[in-house]
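Student: Residue numbers (the working numbering), protein chains in the order written: chain A, 1 to 619; chain B, 1 to 616.
No lab work stands behind these hints: they were computed from the structure. Only a predicted model underlies this, so the values are computations on that prediction, with no experimental measurement involved. Worth double-checking, as some hints may not be accurate.
Short, incomplete list of chain B residues facing chain A, as computed with Cβ under 10 Å [unchecked claim]:
1) Ile70
2) Leu72
3) Leu84
4) Asn110
5) His123
6) Asn264
7) Ser272
8) Leu278
9) Gly432
10) Met433
11) Arg436
12) Gln440
13) Ser442
14) Leu456
15) Ser460
Straight line, CA to CA, 20 Å or less: simulated EDC-like cross-link-like pairs of lysine to aspartate or glutamate [as the list claims (entries may be wrong)]:
16) Lys80/B / Asp553/A
17) Lys136/A / Asp437/B
18) Lys481/A / Asp553/A
19) Lys302/A / Glu89/B
20) Lys393/B / Asp422/B
21) Lys481/A / Asp503/A
22) Lys393/B / Glu354/B
23) Lys136/A / Glu370/A
24) Lys218/B / Glu263/B
25) Lys80/B / Glu88/A
26) Lys393/B / Glu259/B
27) Lys136/A / Asp434/B
28) Lys393/B / Asp434/B
29) Lys80/B / Asp437/B
30) Lys136/A / Glu446/A
31) Lys302/A / Asp437/B
32) Lys393/B / Asp572/B
33) Lys302/A / Asp79/B
34) Lys393/B / Glu372/B
35) Lys136/A / Asp422/B
36) Lys136/A / Asp152/A
Just so you have them, the derived chain A footprint on chain B, three or more residues with Cβ under 8 Å [claimed, not checked]:
37) 208-214
38) 240-247
39) 308-314
Positions of the beta carbon are idealized from the N, C-alpha and C atoms, including for glycine.
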Amino acid sequence: MSSTVSSSGRVDTDPTAHTLPYVSRLDGRVLWRISELAFRHPYRMALAMVATALGASFQLFVPQFLGRAVDQAQGLLAGAAAAGVQTEAVDALLQTAMLLVAVSLLRGVFTMVQNYQGEVVGHFIAHHLRLDYYRKLQSLSLSWHDQVHTGDLMTRGILDIEGVRMFVTTGMLRVILLAILIGGGFVILFRIDQVLALVAFGFVPFVGVSASIARIRLRDIWLQLQNELSVLTRAMEENLGGIRVVRAFAAQAHELARFDRISRRALGISHRRVALFVRNTAQMNFAFFLTMGAVLWIGGVKTIEGTLTLGELTEFLAFMAILQMPIRQIGWMSNSVARASTCGGRLFSVLDLAPSIADPPGARGLEVSEGVLRYENVDFSYPAAAADARTLSDVSFEARPGQIIGIVGPPGSGKSTIAQLVGRYYDVTGGRITIDGQDIRTISLESLRSAVSIIQQDAFLFTASISHNVAYGNPWAEGTKIERSAAVAQLHDHIMSLSTGYDTLVGERGLSLSGGQRQRMSIARSILPDSTVLVLDDSTAAVDAATEARLQDAIADISRTRAVIIIAHRLSSLRHADMILFLEHGRIVERGSREELVALGGRFAELHRLQAASPETRP
Amino acid sequence: MTAGEHAAEPRRTRPLAVVGSQISVEEVLFGKAFDRWVLGRIAGFLVPYRRQLLLGVFGVLVFTGTQLAIPLLIRTAIDKALVLGSAGEDLLLIIVLGFLAVVTVNFVANLVQEQLVGRVAGHLMFDLRRAMYRHLQFVSMAFMDQTEIGRLMSRLQGDVQALQEFLESSIFAIGDLVLLLGIVVVLLLLDPRLGALTLMVMPVLFAVRIIWLPRARKAFIHARETSSATNGALAESVHGVRAVQELGREDLNYGLFRELARENVRAHCLASRFVNVLIPLVDGLTGLAMAVIVVYGGSLVLDGSLDVGVMVAFLFYVQRFFDPIRSLTIQYSIMQRAMAAGQRIFEVLDVPIEVRDRPNAQSLLGTPGSIEFRHVTFGYRPGEPVLTDISFKARQGETVALVGPTGSGKTSILSLAHRFYDVWSGQVLVGGMDVRDVTQNSLGRHISVVLQEPYLFSGSILENIRYASGAEDSEVVAAARAVGAHDFITRFADGYETILDQRGVNLSMGQRQMLSFARALVADSPILILDEATANVDSYTELEIQRALSRLLEGRTALIIAHRLATIRHADRIIVLREGRIVESGTHGELAAGDGLYSMLNRMNHASFDDLAAEA
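Please work from the sequences and hints to get the whole structure.
Tutor: See below:
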């Protein structure tokens, strides 16, 4: 993945910019919010909860019927001499059998309803969160996006939503299921034999607690592993991206050693995870079987003594068999709760962010009459910068259709910030920016941004056809208009030379474009919506000089109907500029036409001389 | 009129807009469920772990066996001990002790199997990844140039994980299979009549599954596809957020995304229906099997022709009956995914390594810093030479500049000097030796490089300058001083320990270039290859860079792709390339005085030598 270089050094801190927390936390408020989302579907939730309770209750009958069947088959064995009794016994068996089928089937049906409704509610929650998340990400400022890792945002959008989704089925509903199975089962068994019931349930607290602890520890190890793997990913990505450097320095061994170091660490964590998991499951199984052995022994003795029937012993054992799975799931459940809490917390931290730039209440659309952009005594400093560190001080200028304003200055002089402020990606800290007399903070962002096009240094290519990409800012544009924009951007001829022309797929898995072509794509995209103000922020740096010259001519041509601001390093990019502003330390120190500035013999003239020494500038 | 609205303009009826990739993931995700070739290759990676693996499989079998034994022990307790009355208490104790022995074995086997299988699967994943990664360090540059890093990364991450999952689940699947067979055998052995009758429920499940499976699989695949489409669209909005906001696509995109997300929910709900519809069936069939045991088994017990313990054992077995069948169905899709993943992994591993050290390749150590091309012809595709009959020489300490339009072959010359590729004909000599006769390692140490786009790695500034050289800290500092980077480095709070975010985005372009100069200086190679930066650098930075560059070039042989007149003037020789051939060569003075392309462009004070072809 190639990353763009943003020339402005934005420093802004944000509490959510940090990556994965290492330890799971339980946060009641987060769980409450998730529950609230679930109960936005009250009928489905009620249905799921009732079905869970019924399914669990019916399951409780199964061991009882099994025990009864054993007693029926065996208890009557002694007095089975009479044929009549035997038929009676068979009838009783038949009855028990039918009950077993009915109870099993009902249990299955209710479990189905429980699972299905629970999952549907989970999917609805996920859907809801996903839409909110998508919308929020699109609305959060670019300065925020610059600070966060895209991988982290994707983790939240995929894995965290998944974690929250699972909470309904594996968290909320499972509590009900377990409560009924364990509580009901204990009551039933306790009534049969108090001592044996206590023995039989002996493994429950042990397994429940150890499973919960282990699950949460496993989760933490898992987070550590993810963290280590993302380090590994970054190392691999950098290596493959810079493979020319790696090979040129014959650094393969160095790189492999680095890879091995991280990889070994990750493998170590992975082994620890396996070990912990295995120890825990094996212990739980062992505890369960040991209890079963105890029940078999004590129950067996009781049966021999005649205080317990064989059927009752069977019922005990069958109960234990049924409980084995749900008890283990206590671990899953506590994990699910911890996961939902962590994941939900991270999601909400993004969803609760207020975009720093938003429409003022009652914002109106921009009314364009002349199309005049005016900077009026603008001051600006970045949010996190020191109070006296102004990026722009007292900047005033005017740009009107038919005019090209050029802005030059040393790096860090605030050139790019001027572009950022026009699109209101930040708000000015002093003075104001107006379009036809309207302060841009008073109009809707949507109307502002459709009136102002800022051309990026590097265009992101969407995985779609070229025409989709060019028409990104105005998808209703007709084909001829798309072609015209591409032609202005000096891209049309290249596109026509492709066998599938404008239908050629670009982006991931599509045709790849060179840096210069991508910049021209960006230009084509930005001029298509017929905006009032066009800003080129060093948008032609990767375009070769001959093409750039033609591009400038074309832009000069379209500047008749709009105000154009060109921010550039190379003076050759400013050939058509009617007025040039020289920026230094955030102030306009010189302004005038090229000739005037050269004649002035100041900072611009110095730069002009410098560049003339290299063959980058045309006279 | 509001901005952006142009009434007279023709409009489409529907917007030309999509979010996310439009490519189906089905072909990418699924393959054959069984691919002998892939399995064979995986087996090759398991050879070092064959003992652990065998022991693991043995553990699985013991574990399964002990599980099978438990209902049998209960049966024995009931039929042999409990029926004896108080005389049976001793026997019961023995049986319970036997039970304890079995569960202890079960515990140990459980520990062993899961531990070994989990570890081996982990090793498999890391080994496969390492093998691929290692291979990628040496495969031809042509392959690397053509392949998107994102696609390689998904093989290095997702695909190896699919194989890990596959190995783990298939060994446990062996256990499931054995358990299933074991139950069948035990049931038939315990009582053939009751066993046969009970097992008759099983085909019902199979029959239903046959009808269910194709539909369900379609639903599952659709659900997965919609998920990947939705997540793809989310990823796109994250990566392209700049374009989205600057072009005001938020609302339209949100609408399109909502469509995708809705379809995703719908597909998942349908898939969930398919999963859950089987629950009543399995539960009902379990109930039916229990009913059969109760009625028929119960009557047999009444007849006295069946021990009641056998009936109890049957009831226990039947509870576990459908578990293996369920997990075996999941196994199928895991295998499908694994085979597709395996294909992709071994595809990478099978990319031939074209450039290798000869068996008795020599070290370049101690040879002079000279580069010579002798009648070199080279291309990337057969029949399309990029360089034709290139001959030139840069002697020790000389600077040779290459100029020419884009596509004239300048970069290919640099690549050949590094032996990223082998020539078709002719020879490239470094230090007087054919590059094919020397070790690539010594070649890399003999030549250092500075690319047009400085490439930095995450890590500290110190690590970045030192890179693979193993230089002392003091040498790093000396190099940074020499190229004029020391001042800005020490201005950071952490100085040389400053960590570079995401490949140095916290540095300016000029600063990054300085660091890459310092890196080349620390490497201290006799030859320097430089792709001079054209863009992205303003004139102020350029001055600093020129200064650093002259320091770097001192006493070295240099091959430079030149863009600036300033660099070229001082070159000992300038080579003008066009369409892969040398059209002119000489010093600046000689060429400028002549009447060739170079002098013409020089007279025009042309913007950049890259554009020679465009107007000449």
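Student: Please go over all the hints and tell whether each is borne out by the structure.
Tutor: Taking the hints in turn, this is what the structure says about them:
no., hint, result
1, Ile70, "holds (7 Å)"
2, Leu72, "violated (13 Å)"
3, Leu84, "holds (8 Å)"
4, Asn110, "holds (4 Å)"
5, His123, "holds (7 Å)"
6, Asn264, "holds (7 Å)"
7, Ser272, "holds (4 Å)"
8, Leu278, "holds (8 Å)"
9, Gly432, "violated (19 Å)"
10, Met433, "violated (16 Å)"
11, Arg436, "violated (16 Å)"
12, Gln440, "holds (6 Å)"
13, Ser442, "holds (8 Å)"
14, Leu456, "holds (8 Å)"
15, Ser460, "violated (13 Å)"
16, Lys80/B / Asp553/A, "violated (102 Å)"
17, Lys136/A / Asp437/B, "violated (59 Å)"
18, Lys481/A / Asp553/A, "holds (19 Å)"
19, Lys302/A / Glu89/B, "holds (10 Å)"
20, Lys393/B / Asp422/B, "holds (18 Å)"
21, Lys481/A / Asp503/A, "holds (15 Å)"
22, Lys393/B / Glu354/B, "violated (26 Å)"
23, Lys136/A / Glu370/A, "violated (34 Å)"
24, Lys218/B / Glu263/B, "holds (15 Å)"
25, Lys80/B / Glu88/A, "violated (28 Å)"
26, Lys393/B / Glu259/B, "violated (63 Å)"
27, Lys136/A / Asp434/B, "violated (60 Å)"
28, Lys393/B / Asp434/B, "holds (13 Å)"
29, Lys80/B / Asp437/B, "violated (83 Å)"
30, Lys136/A / Glu446/A, "holds (15 Å)"
31, Lys302/A / Asp437/B, "violated (88 Å)"
32, Lys393/B / Asp572/B, "holds (11 Å)"
33, Lys302/A / Asp79/B, "holds (15 Å)"
34, Lys393/B / Glu372/B, "holds (4 Å)"
35, Lys136/A / Asp422/B, "violated (52 Å)"
36, Lys136/A / Asp152/A, "holds (15 Å)"
37, 208-214, "violated (count 0)"
38, 240-247, "holds (count 8)"
39, 308-314, "holds (count 3)"
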